[in-house]
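J.: Residue strings, one per chain:
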Amino acid sequence: MPSLRSNNSPKASRLPQRPLDLAAARQGNQTEAGRHFWRSLEQLAAEANASNLLSNEPSHSSASESGVSRRDLLRLMGASAAFAGLTACTKLPREKIVPYVNAPEDLVPGQPLFYATAMTLGGYATGLLVESHMGRPTKVEGNPDHPASLGATDLFAQASVLTLYDPDRSKVVIYDGRIGAWSSFLTAMTSARAAQAASRGVGLRILTPTVTSPTLADQLQRLLAQYPEARWHQYEPCGRDNAREGARLAFGEYVNTIYRFDRAAVVLSLDADFLCQGPGSVRYARDFADRRAVTGPQSEMNRLYVVECALSSTGVVADHRLPVRAGEVVQIAQDVASRLGVKLGEGRSESSNASRWIQALVRDLQQHRGSSLVLAGEQQPPLVHALAHAMNHVLGNVGSTVIYTYPVEAHPVNQLQSLKELVADIQSGRVEMIVILGGNPVYDAPVDLNFGQTLLKVPLRVHLGLYEDETAELCHWHVPQAHYLESWSDARAYDGTISIIQPLISPLYEGKTAHELLAVLMGQEGATPHDIVHDYWKERTRSENFDATWETWLNNGFIPNSALPAKAVTLQAGFAARLQVSPPQAGGGSEELEIVFRPDPTVWDGSFANNGWLQEVPKPITKLTWDNAALISIATAERLGVTNQDVVRLTWRGRQVQAPVWIMPGHADGSVTVHLGYGRRRAGSLGTGLGFNAYLLRPSDQLWSGLGLQVEKTGESYLLANTQSQFIINAHGRHEELESIVAARRDLVRVATLAEFRKNPNFALDPPEQTTRAPSLYPNFQYEGYSWGMLIDLNRCVGCNACVVACQAENNVAVVGKDQVSRGRIMHWIRIDTYFDGDVSQPLAHNQPLLCMQCENAPCEEVCPVGATVHSPEGLNEMIYNRCVGTRYCSNNCPYKVRRFNFYLYSDWTTASFFGLRNPDVTVRSRGVMEKCTYCVQRINRVKIQAEEQNRTIRDGEILTACQQACPSQAIVFGNINDPGSRVAQLKALSRNYGLLTDLNTRPRTTYLARVRNPNPEIET
Amino acid sequence: MAQIFHPSTNTISRVSIYGAVFIIALGGYVAYRVNQASYFTDINEARQQPVPFSHKHHAAELGIDCRYCHTSVETSSFAGIPPTHTCMSCHSQIWVKSEMLEPVRESYATDKSIEWVRVNAVPDFVYFDHSIHVNKGIGCTTCHGPIGEMPITWRAHTLYMRWCIDCHKHPERYVRRREDVFKASYAPPSDQLALGRKLVKEYHIKSPREITDCYTCHR
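In the order they appear, the protein sequences are chains A and B.
Start counting the first sequence at 1; every next residue gets the next number (my numbering).
Start counting the second sequence at 1; every next residue gets the next number (my numbering).
I should point out that these hints are in silico values taken from the structure, not numbers from a laboratory.
Be aware that a few hints might be false.
Each computed BS3-like pair below joins lysine-lysine, with the alpha-carbon atoms no more than 25 Å apart [stated by the list, open to error]:
#1 B/K136 / B/K201
#2 B/K112 / B/K136
#3 B/K136 / B/K169
#4 B/K112 / A/K96
#5 A/K96 / B/K136
#6 B/K201 / B/K183
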């Protein structure tokens, strides 16, 4: 049984770690008069106990951690002060300049080039443009022309460039745990091939993740033609089996479903986190947000109902959210379906006592025939998917908001079944050779299949993978896989659009693609991946001038008009009878606890475990970093007598793991959500040993949830590095000096319902005495040229974290590790604050991305003793690293808590492979320096220089900040506020526009558009 | 009781107290001079290069335009160091047997770069951009010195911030006509200030307040 390493060493002095008092938390919420936004349960408890909040500057107590006494410190300070002055006198180091021998044609030194390619996740592609500096890919952007991206990306694509340079990636061919060689691998394969050829491949098995690549599928088909008895299996731990089987249940065949949120006025999500997870989520977020752009009282909005267990990013955005246990979603689906007129099987009559919620939902859906949309989550059983299909049929949504096409996958199968067949074949000794092309089944296969032990029975095992992971360990041969930025391949997007994946760089190590390995198995040893992909398409296209076509595809990033056409489907005749199949756990209402498995929002199925950016980005809502936890509701926590960071033993169906508890406001009662992807044994130096392995509880017959979980307190506690209680902005006016400010409106999050907004479009405005009161002895500075400003639309933000990782990649922001995060020293320049509002068990939640406000009257500038932070004539609040001496006064004086200090040398200055990763246009900060958001001044300057050289002004939209460019829902807008025609100026003129803490007269340049919710008046008035 | 201190101590202490002012000032002056010395600034110190390339010969005597080799100077932050191919475009025809040019031929034959020693450099936290300077009428020799007189290249100016700021505050003292930017031997006209003021307007050179802003060069 795996046990958690306790990180609570006695001398650690982290943030105050008072145990959370749940009763006090409930009380803290009740005592507040009026609307009250809160960040964490700890905050509520602290308020109830009338103790002060965490100090505004939680991060800066560093004295005792290293065990240095005050005297030693003074002694060291004396010495360092003496030496500090000398550092300015160093000679510049001698450098070499190494030019090309023959320069590549398009390359201009100092200017980046962008190449179109695509990244796959779970097999599905998102089109990308990747920035390359002198041949080094440094930053990933979305491809504006690609239908799955529209210029934006998710956080996985943003972080993928770090994986490319990860020093822990597997670098050489491994044979039997020792360094091997590609040539000896080829020799071994030659003899293996001969043996298989003799038996028509009867003992050969290929295991791949989901394949949408036409070329790879073609290769596999040809391989199977060459070895007719061989088998191809597919397995993805967080795959789409349920969606596939749901489609087959409803239509008798596998079909792909595309949702058109741009046409949907009412959306019902049955446990689907469609805004942040799954194929097409980037596009869906955009389409969905576009229907929430409220400009004035006449604007219409879509309405989102979410039924789910744990609070997801989509749940935060929802207008109505019903927290239910994961296994009860099916009942809700049946209830709604039958009320909508879907004929269910016998014995399943409409439940008479359905809640007002369901009745109102059903009426709302019925009033929006053809413009409503029902979708089911990937983790819900096939029945829920089938019901969603049926509901869309009944509502007349097919063809308008729901489009069906042929499957995107090259060879759709029930992957669990596929894996089970493979395991059965191995058990019966039929398998002589297995080739695992990517994936890590030893770690992530269902636990009852015992894949690791089973695999050992195969006489010859070959693994292709990015890391020497758990599966590589058990294979004879491990071949390092080429990263997608090093590979030629192709893949389809959520709508079938085919992208050619082209490499940005030659493989850094001995990386090979799956195409090359398959070619080797077919005896085509010299075939390069470029030729394999190129020749496949050349053969397909039969165009006279194929090479020109090919160049166009590479340039555009996708093959035009390759999206799959709509397909007519008919609901199965025996559909009603099939629906009688009730899930085993439909009992509901029982006292038994439910366990729910979900892919992790940042490390997914575990394949991103060694990516520091993804480990450190605070997970949506929980704001946990570097760990997973058992997520429960406050009521369940009270029932179990546990609180945050208590370690519990989860026992389910005879298997156990230990996990720390984290209470999630809004989680369904009676349910425990665990995220997969942690507890890796061989992830690399970062990812190994983090968190607990939820796969160890996950059986093949209940992949996503099940009842009967036992939770036992172990009495231990485990530190979770959580940022939700850090960087709290003091908005409550509790401090005495703030109480003296009359009528100051300090709501950080401003929110109204659509009805309230129509009644009072100015609900978000500050009181007039607050806006007119601008005490200053000096006249305001006149900005004559550009005047940069930003606007963040809270109505659009889905809290997906793409901006956070994009900023990290663009600005060389360092990773600090769990220990430093728990001390409040996370370095992100942009963070997404989550505020809760209302009842602790079922609160509303709001996202608020927060970055430097670039205050006009910046409090930080006034206190810097060395002028390291000053104001620019274009309104930027500048941070000059080479002037900074690290007093941290600025950070103390910042009311928004957006400045970050390098307490240690956080940037990695020694690992050579990371040198290529860095953005050469941004300084890599050293120890003892303050840093913060610059509005991506390197991008401003680049465009400004171009415009100056062309003797013109900068056009609106020409400069995109990194966060803005990555944002799937276009929540962030940046531009020149001096130009009344610019988008940012126009949006700032809306009545929903407001600034944070404007009573301090900081005059922030980053402002927000208040959130407008669109609740159904029948449910909430 | 005997006196602990000899009477001369008074003098010593007086001298050292008043002298301290001068000693500290002298120390500061020495430190400043050391910092400005060519040992630190590398000014006028010709660097040994793998090939003793002469700007004097190529740029001034032969009149080859700067941009023939430094191709990206008008479009990029980096002016560009010519690939070996550029050298060979002439030297495959002339001086083909020259011993001095052996590293060039070897580089071309073996596809291994020539490793030049950098002469002009600013620290990594300074983001200098060639293209904007050239486009706004700042000549090569303004920063790189009399390059047409350098048989082996040396650094002509400190490239310290104070030196940069001098021009950013008074661009009219240095700016020249765009057609003169790439002249390897250029002497400013006697009416530089009048010409400079005119060009500052004509080329839309931003005000000193704007171009001495920190983010102009640091980020």
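J.: Now, for every hint given, state plainly whether the structure supports it.
T.: Results for each hint:
| no. | hint | in the structure |
| --- | --- | --- |
| 1 | B/K136 / B/K201 | 11 Å, holds |
| 2 | B/K112 / B/K136 | 36 Å, violated |
| 3 | B/K136 / B/K169 | 15 Å, holds |
| 4 | B/K112 / A/K96 | 14 Å, holds |
| 5 | A/K96 / B/K136 | 29 Å, violated |
| 6 | B/K201 / B/K183 | 22 Å, holds |
When the structure is compared with the earlier hints, violations turn up for hints 2, 5 and for no others.
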